[in-house]
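Asks: Quick note, the sequences are listed as chains C and S, same order. Counting from 59, one number per residue, gives the positions in the first sequence under the working numbering. Counting from 41, one number per residue, gives the positions in the second sequence under the working numbering.
Check before you lean on any hint, since a few could be wrong.
[As the list claims (entries may be wrong)] Label-pair ranges, simulated between beta-carbon atoms:
no., chain 1, residue 1, chain 2, residue 2, range
1, C, Pro-311, S, Gly-142, 31 to 37 Å
2, C, Arg-220, S, Ile-205, 58 to 64 Å
3, S, Leu-166, C, Ser-315, 17 to 23 Å
[Said to hold, decoys possible] The calculated DSBU-like cross-link candidates involving lysine-lysine, where the alpha carbons are at most 30 Å apart (straight line), are:
no., chain 1, residue 1, chain 2, residue 2
4, C, Lys-384, C, Lys-407
5, C, Lys-219, S, Lys-168
6, C, Lys-384, C, Lys-348
7, S, Lys-168, C, Lys-320
8, C, Lys-273, S, Lys-202
Simulated from the structure, these hints should not be mistaken for laboratory data. All of these numbers come straight from a predicted model, not from anything done at the bench. Think of the CB as a built atom: it goes at the ideal place given N, C-alpha and C, for glycine as much as any other residue.
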Amino acid sequence: MLLLRKVAVLAFSLLVSSAGRASAEDFRIGAIFPLSGANADYGDLYMGATELAVSHLNDAKFLGGKLSIAYEDSQALPQQGVIAMNKLVNVEKVSYVLSAFTGVSKAISTTAARSHTVAVNGGGVGPDLAELGEYFWNVIPLANFEVRAMAPYLVQKRGLKRFVLVYVDDPLGQSIKRELESSLPSLGAVLAEALSVPSNAQQFSGVAARVRDAKPDVVYIASFGAQQSQIIKQLRDNGVTQQLASYSGFAIPAIASLPEAKGALFTTQRIDWNSGDPVTKRFTREYQAKTNRAPTAYAANYYNAVLLFGTLASALQKAGLPITGKNLLAKRREIGTFDLVGGRVTFEKDGTIRSAMQISEVDGEPAVVEIVAAP
Amino acid sequence: MLLLQLIINGIQVGALYGLTAVGFSLIFGATKIFHFAHGASFAISAYVFYYLYAVLLVWWPISILAACIVVVVFGIALDRYVYGPIQSTDGSFFTIFVGSFGVAVVIQNLIGTIFGRGFISVPSALSKSVELVPGLYVAPTAGIAVVAAVTCFVALQLFLSKTNIGIALRALSESPGLVRTFGLNPRAVSTCAFALGSVLVVPAAVLTSMTSGLNAAIGGRVMLISVAATIVGGVGSLRGAACAGLLLGIAENLALWRFDPQWSEAVTFLILFAFIVLRPSGFFGRVVTS
Chain C
59 MLLLRKVAVL
69 AFSLLVSSAG
79 RASAEDFRIG
89 AIFPLSGANA
99 DYGDLYMGAT
109 ELAVSHLNDA
119 KFLGGKLSIA
129 YEDSQALPQQ
139 GVIAMNKLVN
149 VEKVSYVLSA
159 FTGVSKAIST
169 TAARSHTVAV
179 NGGGVGPDLA
189 ELGEYFWNVI
199 PLANFEVRAM
209 APYLVQKRGL
219 KRFVLVYVDD
229 PLGQSIKREL
239 ESSLPSLGAV
249 LAEALSVPSN
259 AQQFSGVAAR
269 VRDAKPDVVY
279 IASFGAQQSQ
289 IIKQLRDNGV
299 TQQLASYSGF
309 AIPAIASLPE
319 AKGALFTTQR
329 IDWNSGDPVT
339 KRFTREYQAK
349 TNRAPTAYAA
359 NYYNAVLLFG
369 TLASALQKAG
379 LPITGKNLLA
389 KRREIGTFDL
399 VGGRVTFEKD
409 GTIRSAMQIS
419 EVDGEPAVVE
429 IVAAP
Chain S
41 MLLLQLIING
51 IQVGALYGLT
61 AVGFSLIFGA
71 TKIFHFAHGA
81 SFAISAYVFY
91 YLYAVLLVWW
101 PISILAACIV
111 VVVFGIALDR
121 YVYGPIQSTD
131 GSFFTIFVGS
141 FGVAVVIQNL
151 IGTIFGRGFI
161 SVPSALSKSV
171 ELVPGLYVAP
181 TAGIAVVAAV
191 TCFVALQLFL
201 SKTNIGIALR
211 ALSESPGLVR
221 TFGLNPRAVS
231 TCAFALGSVL
241 VVPAAVLTSM
251 TSGLNAAIGG
261 RVMLISVAAT
271 IVGGVGSLRG
281 AACAGLLLGI
291 AENLALWRFD
301 PQWSEAVTFL
311 ILFAFIVLRP
321 SGFFGRVVTS
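Let the hints inform the model, and build the full structure from the sequences given.
Replies: Below, the structure written as structure tokens:
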């Protein structure tokens, strides 16, 4: 009876291991996005792009097997992000994870470094994200570049010299505050007031009173998700008529459709949606057809992040090497430059990219008002 | 001028806090049920109003009336089909709380699924401030909030003191057995408490949808304020809950005079903490001795 049981266990083990071998050609990467909560709009936006990239890679049989993404919900909260990352690394055994939001990205970076798992951020823009180790990559220019593009434009071209910052008290908001504090004096401008708000705040009539009291020329908002829409509406409702400005957090449909946001300026990386390059052209056409909305820089970044995995994994396959985080990192360093949506991209040593920036004005669909060359 | 502006903002916010807190306090005081889904009632009525008024362009009185009906049905259904069955077994206070919490989570997710999880607001000229004197901005919603709060509170006090069902409600909070002795059904009286408590959130929900806007998770914040106001005002005291709501709104805004906005929420809890330590019975609550 004991022998029979041992044989049964052995047979089951063989069956399981052979099943594993049968699907060994398929590839799975992870994604930690906010899929619920006040920032779920972003997760929805990112998923539209990642799913499009997966379908493009699979349709073209770019890799030997089928690529799929294991999605985990971070709710844009660091704690949830860490739980998701542990699951992806230890249960799903992925070697490549897409990340979003500065706080979440910082929280998962230690697990990424420890487990040699590549984490790629396409949405968080806190400058600290450039310092999270060799396994943490950014396919989005970080907020310091955004502020360095916006501040000179506002001061020199619009003549706006007195800034008030309303920022969410997290790593992103704090980094934007630091950047404004350091860059404005050299431009002959001043940060008259910096008002921090908690990430769950919803009442801003009092903040509007403080903003008005500071008599600014321009109000820079560094928040995200549903909250930034509430800030804009309540500032406008409560008598703040000055120019509004922000970073790429404004590049979402919710802001484009908010009447009170009309005229607000925001920065993103430079992407010419009418470009003739085939990658950008295909993405622009098919993203619009698939999601029924205009492409955004965020969508392009996450499409690029999946495309980057496809390129690296394909190169590793051709070299006969296993697709591990270590090998993906080595291959990225070896290749260096990639053809992605928006044009050719080169990674810096710290795993970030630099690109030209554009300043857009919210007017229904955002319209580009200024292009700033890459630093 | 900043100080005066913050006081006016505080009165507007406090009036809305007071209304939601009174509803919660009425239900908790009469039935001893920790109705965590009170925040969900707020969200439901706000989204029903938004959908009818801003999306389907239904006339505003009809939209408000529909929001009232939906939220009353929701409150009664919860009492009958969630709390009632739990209480009829050996449901403890904690079991009811968990049940109510579960309902609130389900409602939040349902709203997110139906309306999306992003920010929405009801466009209205009433939320646009006008400069009364240089530097002082007041929106019509501020006046409406105060008038609505006073009207609802006075009407509620009259109802509780002048009608039989109102008196029964007060009696229920004292002794369910006594209510039964007088030939009344405590369950029916409890249902009335839920209907009244739920409908009281509607003015605040409608005005919030115009001023600060909505998102699916808004119920959590409403609940937090309602509990804080109920404790600060004295458990079971409607007058206390209304005053505490007003106090919290004013304090939250006045904190902005000297502190960063991120500390204004902490003020709510500082006041709560101070009351728990120094005056556990709240503004108007009765001291209970064992």
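Asks: Do the beta carbons of Arg-220 (chain C) and Ile-205 (chain S) sit within 58 to 64 Å of each other?
Replies: Holds: the Cβ-Cβ distance is about 60 Å, inside 58 to 64 Å.
Asks: Determine whether the Cβ-Cβ distance between Pro-311 (chain C) and Gly-142 (chain S) falls within the hinted range of 31 to 37 Å.
Replies: Taking Cβ atoms as reference, Pro-311 (chain C) and Gly-142 (chain S) lie about 32 Å apart, which means the hint holds.
Asks: Does Lys-168 (chain S) pair with Lys-320 (chain C) here, judged by a C-alpha cut-off of 30 Å?
Replies: It holds: about 16 Å lies between the C-alpha atoms, which stays within 30 Å.
Asks: When you check the alpha-carbon spacing of Lys-219 (chain C) and Lys-168 (chain S), does it fall within 30 Å?
Replies: With Cα atoms ~27 Å apart, Lys-219 (chain C) and Lys-168 (chain S) stay inside 30 Å; holds.
Asks: Range hint 17 to 23 Å: satisfied by the CB atoms of Leu-166 (chain S) and Ser-315 (chain C)?
Replies: holds, 21 Å
Asks: Are the Cα positions of Lys-384 (chain C) and Lys-407 (chain C) separated by 30 Å at most?
Replies: holds, 16 Å
Asks: Straight-line Cα separation of Lys-273 (chain C) and Lys-202 (chain S) no greater than 30 Å?
Replies: Violated, at about 53 Å.
Asks: Just to be careful, I want the Cα atoms of Lys-384 (chain C) and Lys-348 (chain C) compared with a cutoff of 30 Å; is the pair within it?
Replies: It is violated: about 34 Å lies between the C-alpha atoms, which goes past 30 Å.
Hint check: violations occur at hints 6 and 8; the rest are consistent with the structure.
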